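*Asks:* Chain by chain, the residues run as shown.
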Amino acid sequence: MSKDNRKKIRESLAKRNRSERHFQWFGKLGVILGLAAVVLLFVDIISKGSGAFRATYIQLEIEYDPDAIGVLDVNDTEELIFANWQNFAKKSLRDLFPEVTKRGEKRKLNNLVSEGAGFDFRDQLTQSPNLWGTKETLWILADDDIDTYYKSWLDDDPFSARLTSEQIKWIDQLHSKGLIALKFNTKFFERGDSREPEQAGIKGALIGSFFTLVLTLLMSFPMGVTAAIYLEEFAPKNKWTDLIEVNINNLAAVPSIIFGLLGLAIFINFFGIPRSIPVLGAIVLALMTLPTIIITSRAAIKSVPPSIREAALGVGASKFQTTLHHVLPLSLPGMLTGAIIGMARALGETAPLLMIGMVAFIVDIPGGFTDPATVLPVQIFLWIDSPERAFVEKTSAAIIILLSFLMVMNFIAVYLRKRLERRW
Amino acid sequence: MSNSKLSQSISTDGADPKISEQVLDVEKDLLSMESYSTIGNNLVEDAKMSVRNVNVFYGDKQAIFDVHMDIKKNEVIAMIGPSGCGKSTFLRTLNRMNDTIDSCVVSGEVTMDGENLYDPKLDVVELRARVGMVFQKPNPFPKSIFENVAYGPRLHGLADSKVDLDELVENSLKKAGLWEEAKDRLHQPGTGLSGGQQQRLCIARAIAVEPEVILMDEPCSALDPIATARIEELIEELSQNFTIAIVTHSMQQAARVSHRTAYFHLGKLIEVNPTETVFTMPEHKLTEAYITGRFG
Ligand SMILES: Nc1ncnc2c1ncn2[C@@H]1O[C@H](COP(=O)(O)OP(=O)(O)O)[C@@H](O)[C@H]1O
Ligand SMILES: [Mg+2]
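For the protein sequence lines, the chains are A and B, in the order given.
Sequential numbering of the first sequence, starting at 1, is according to my numbering.
Sequential numbering of the second sequence, starting at 1001, is according to my numbering.
Careful: at least some of the hints might be erroneous.
Derived SDA-like pairs: lysine to any residue, alpha-carbon spacing no greater than 20 Å straight-line [said to hold, decoys possible]:
1. K239(A) - V1163(B)
2. K1137(B) - S303(A)
3. K239(A) - T1100(B)
4. K1143(B) - E310(A)
5. K319(A) - L1122(B)
6. K319(A) - G1157(B)
Just so you know, the hints here were simulated from the structure itself, not pulled from any lab data.
All values reported here derive from a predicted model rather than from experimental measurement.
Construct the complete structure from the given sequences, taking the supplied hints into account.
*Replies:* Okay, structure coming up:
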């Protein structure tokens, strides 16, 4: 090579290396920005939401005295229904702070514990009536304002806007006696939604999501896979199948809220399916995930080398046998990966469910596919819209739970793909 | 067959420019010809398969033109020709493998023992059990060696019991010369074998259903010379029980294993003759040009 050319090459080399370095820098910058966003999101959400897993409890001496709640005969169910169960807690508080006598102050004192405490007493005594007349020392859930204050006070940043100075004084006293404490918030995992933040739990939404997703999977996976197999292996390649292909891709790009409108217009108005139930949510979500499953399943089928099909056909397998014995098993991991990713999307979907009434305020935990229900992301939407400050940490906690599920699902998908990936 | 000497006589030295010009003219003629006739003994008396008037199209493009040819019982017939001349396409008409390609249309008549293979009433599943195929790239199923061989017999219900099936698998592997190497690892994946072993596994899989004819499409093109030699030996052994049609891009291989050789050019069957004749005194100018290395 001539000296001249070598010089030229060397000169151009510097430029080439420089642009390569720049390219790498840009790439790294992108990765760092992405990671930073993820870390920021998690730190923010976890710091806001972790509080919800613990709640403020107040220790009270409860005496199960029928008189205290105005009941004459503990076997009269009618009377028990209308009894003032909350009085057990009120009485115990008054015993704790005998100096409180004014009406207004008494009310403030009563407000230290959650309004829901009475229901717990009722449930407790209905279950074991032999407790009547006995005494028990219990940790009773505090009111949400107390909870918010106590947690912020422990963090040296007290938020006292919604409390009176007396209430703050009482909490101080309780604290110095060791009668107020943070404990694991079992209610959060045992309850459905509630207007009282301290009573609100995630279980209703979790179960609702579970029912909805199970049905979604049952509806969309078999249908999606069969459609993919038909299109890929059996359908003739002509302009009709081209048209179908284009439309499936279009369908995958349709904004999810449109599927909600479809559900509203067709399934509720035309077919008369009741609103707010998992069956309806699942139909809508299945329609939404179907194109994704078809597309990923087709990709999985395409990745099975044609030589395997030829081998099977060559020894006399029919087309159906070839598909069933070879193509399907080999593409199943890919299909499952697609299904899991589709399900993860469906789990996080909110907009279409708003349209079909799964945004209703539902206290009861759904017991089946046809009970009114809400789902995790909609629960988040509902809570974030609530004015009480205590809902902020509930919202964040629900987001943590939703994200954990999504991450687990994505990990399973990646694991499956890695594990069952075949090298030809 | 003592064709080994023959293979040495195939010269591939530089082309005489004058001859090349002539060849180009002949090729031009061939392209423009409406009809042509195959030179040599393309038709025989005791034919196992007969091909008459066969044309194959991929959409608008014609890949095979008006082929007439017989395949004799228990012979090894080699198909040679420049790449893209339609050898594979022709071979695949013999077990209707072309049916799997949507755009492919076959016209004409192919018979086996007098039975028309393109009869709409005929079931291709049965046909493919009778006419087995070995492909260019070894394509074992990603299953165990045993499962690979047992697949065909199971499909067609050829074995009555587990013992029967075991025996059938063993015999097939023996015939394919793979038994010694595979007997201790029958339940390990077939894809774990070497390339040559995989191809012998594919042969075992094909013969397990006891076909009458075996089609092989460049079965050695993905293999090293030693593996190739083993397959060639195997072909010679198999020819005692099966009729074999083999496509090859190696003239030496055609010379070593086949009894007759068919030369294809641009989709036309130019010449069919005993292998010895084709490689020592080809009748057609194009055949001569090909075997002396003037086309790739
Ligand atoms: N699936 C197909 N679709 C369209 N054209 C094809 C297809 N397969 C082969 N052909 C064409 O048919 C001709 C013959 O191909 P082939 O039979 O594979 O040749 P060979 O095996 O001799 O190399 C070539 O021109 C090739 O481009
Ligand atoms: Mg070929």
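*Asks:* Taking the hints in turn, state whether each one holds.
*Replies:* Tested hints:
1. Taking the CA atoms of K239(A) and V1163(B), the gap is about 51 Å. The hint is violated against a cut of 20 Å.
2. Under the criterion of a C-alpha separation no larger than 20 Å, the hint pairing K1137(B) with S303(A) is consistent with the structure, at around 17 Å.
3. Between the alpha carbons of K239(A) and T1100(B) the distance comes to roughly 19 Å, so the proposed pair stays at or under 20 Å and holds.
4. Taking the CA atoms of K1143(B) and E310(A), the gap is about 16 Å. The hint holds against a cut of 20 Å.
5. Restraint check: the Cα-Cα separation between K319(A) and L1122(B) comes to about 16 Å, which is no more than 20 Å; the hinted pair holds.
6. About 17 Å separates the Cα atoms of K319(A) and G1157(B), which keeps this hinted pair within 20 Å; it holds.
Violated hint for the displayed structure: number 1, the only one.
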